[in-house]
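Trainee: Chain by chain, the residues:
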Amino acid sequence: MNNAKRPSATTPIVSKYADDPEMSELVGLFVSELPQRTDALLDAFRTQQWEIVQRISHQLKGASAGYGFPTIGAAAGKVEDVVRSGPIAESGVVQRLDESVRELVALCQRAKGSHSPG
Amino acid sequence: MIAAAPGLWPSDARPRVLIVDDSADVHRLLCARLKSEGLDFVSALSGEEGLRLAADPAVLPSLILLDMDMPGLHGLNVLQALKANPATLEVPVIVVSGNQMAQDKVRAFDLGAVDYITKPFEMTELRVRVRQALRMRQLIQMLAQRAQIDGLTGLWNRSFFNQRWSEEYARAARYGHPLSVAMTDVDHFKSINDTYGHAAGDVVLQGVAKVLLRECRQHDLVCRYGGEEFVIVMPETSALDAASVCERIRAALERERWPRHPDRIVTLSIGIAGSCGGVTLSPDQWVEVADGNLYGAKRAGRNRLIWSDVTAQGVFPSVRAA
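Residue numbers (the working numbering), protein chains in the order written: chain F, 1 to 118; chain Z, 1 to 322.
Do not rely on the hints blindly, as some may be mistaken.
Stated by the list, open to error - Each computed PhoX-like pair below joins lysine-lysine, with the alpha-carbon atoms no more than 25 Å apart:
(1) Z:Lys83 to Z:Lys105
(2) F:Lys78 to F:Lys112
(3) F:Lys16 to F:Lys78
(4) Z:Lys35 to F:Lys16
(5) F:Lys78 to Z:Lys105
(6) Z:Lys190 to Z:Lys298
As the list claims (entries may be wrong) - Chain F residues, not near chain Z, derived (Cβ > 12 Å throughout):
(7) Ala18
(8) Gln48
(9) His58
(10) Lys61
(11) Val93
(12) Ala106
(13) Lys112
Simulated from the structure, these hints should not be mistaken for laboratory data. Computed from a predicted structure; not experimentally measured. All C-beta atoms in this analysis are idealised placements derived from N, C-alpha and C, irrespective of residue type, glycine included.
With these hints in hand, go ahead and build the complete structure from the sequences.
Mentor: Following this line, the structure appears as structure tokens:
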């Protein structure tokens, strides 16, 4: 039995670099821009603009870990992989994409640049 | 010690890094994380912009960090174009990509990348790799320049003269600008060697080089042509003005005192060919005119200069020093 404390879906994800003086300001900027990106991602998904879905997820995959959010980077990588995996029109692919986009957006919504309460 | 040839060491006090990536987040991240390396940064958000900036003489990057997967021009196409352009061919490129496929890495290296780093990158590793690429570039530049430096005098050598003379000739021909070249030869050098030995002869050659560097202007190019012969390229300089510079050199060398042989006076004969603009001779013919004037100066008694305007062959012997 695993008694390890698991993070809940609402637990904030604090950047690994929250206490890094070289990075704290940039991390704050990155987090403040995440809502715009998730809105654009959801919008592109709803309107089936797969190229934009792929572009946003690709950029988040490349940058998130550098800002101290490796889980967001990994989730963005999953979205990109699904988009690249084949014709999106296939229902199974759309469903997988829907799930991976939701997971990514949920993680982005929990991102925090510092330890201080919201 | 003779001053090194101008530009021997690259003036890379703060190397400039061009970042080509479509993500502004990556630009900000790299700038913040590499700030401690003492670098300047230039940002391009697309491959097209990256190519333009890399070839811009006002930018001249020391290193390019290049993303692969960008909208528009793909990173591999950017890399290919960078390596096809002589202006950017030598700039080292580190590929920074989210793509971990071995075949992409192989392709990037085949096209001329010096390194390949996968995203998300580990910052300590990135810093070390950037440092390494810049160090390699500096070493390659130093080796390339050393191959063009004369070991005894520290002046540029004949191979460098050949290259620069062609370039200066082409520029003067294209824009109708003035240009002069002076061939010089140390008078009675064989007798110096025979009387005082080859080591003393070397000291004289080093001393002559020092006088040439001291008396020439910033944009003149002083090279050792071989043996006791030196050549000076004087851009934007008419034959008459070149004669004035060379007379200053001739007089300065004549005044020079040699600590181990204070009674010995070393002199130069000089032949000049120059133009106020407009070129009628080939680069080789131009040098031949200067060489002919040099031997004219020798025949006329040495320690003098003869100059010609290659567009209007005139001869004007200098006043012989006392």
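Trainee: Are F:Lys16 and F:Lys78 close enough, with their CA atoms no more than 25 Å apart?
Mentor: holds (21 Å)
Trainee: Is the hinted pair Z:Lys190 and Z:Lys298 satisfied, with a Cα-Cα distance of at most 25 Å?
Mentor: holds (14 Å)
Trainee: Is it correct that the beta-carbon of F:Lys112 has no partner in chain Z closer than or equal to 12 Å?
Mentor: With a cut-off of 12 Å, F:Lys112 remains clear of chain Z, as the shortest Cβ separation is near 17 Å.
Trainee: Taking 12 Å as the cut and beta carbons as the points, is F:Val93 off the interface with chain Z?
Mentor: Correct as stated: the minimum Cβ-Cβ distance to chain Z is 20 Å, above 12 Å.
Trainee: For F:Lys78 and Z:Lys105, compute the direct alpha-carbon distance and say whether it is at most 25 Å.
Mentor: Since the Cα atoms of F:Lys78 and Z:Lys105 sit roughly 22 Å apart, the hinted pair holds (cutoff 25 Å).
Trainee: For F:Ala106, which was marked as not at the interface, is the minimum beta-carbon distance to chain Z over 12 Å?
Mentor: holds (20 Å)
Trainee: Beyond 12 Å from chain Z, beta-carbon-wise, is F:His58?
Mentor: violated (6 Å)
Trainee: Over 12 Å from every CB of chain Z: does F:Gln48 meet that, or does the non-interface label fail?
Mentor: Check passes; 18 Å lies beyond 12 Å.
Trainee: Hey, F:Lys78 versus F:Lys112, does the alpha-carbon distance stay inside 25 Å?
Mentor: holds (21 Å)
Trainee: Does F:Lys16 sit within 25 Å of Z:Lys35, going by the straight-line distance between their CA atoms?
Mentor: Satisfied, since the Cα-Cα distance of roughly 20 Å is no more than 25 Å.
Trainee: Has the given pair, Z:Lys83 with Z:Lys105, been kept, meaning a C-alpha gap of at most 25 Å?
Mentor: holds (16 Å)
Trainee: Is the nearest CB of chain Z more than 12 Å from the CB of F:Ala18?
Mentor: Check passes; 15 Å lies beyond 12 Å.
Checked against the numbered hints given earlier, the structure breaks hints 9 and 10 and satisfies all the rest.
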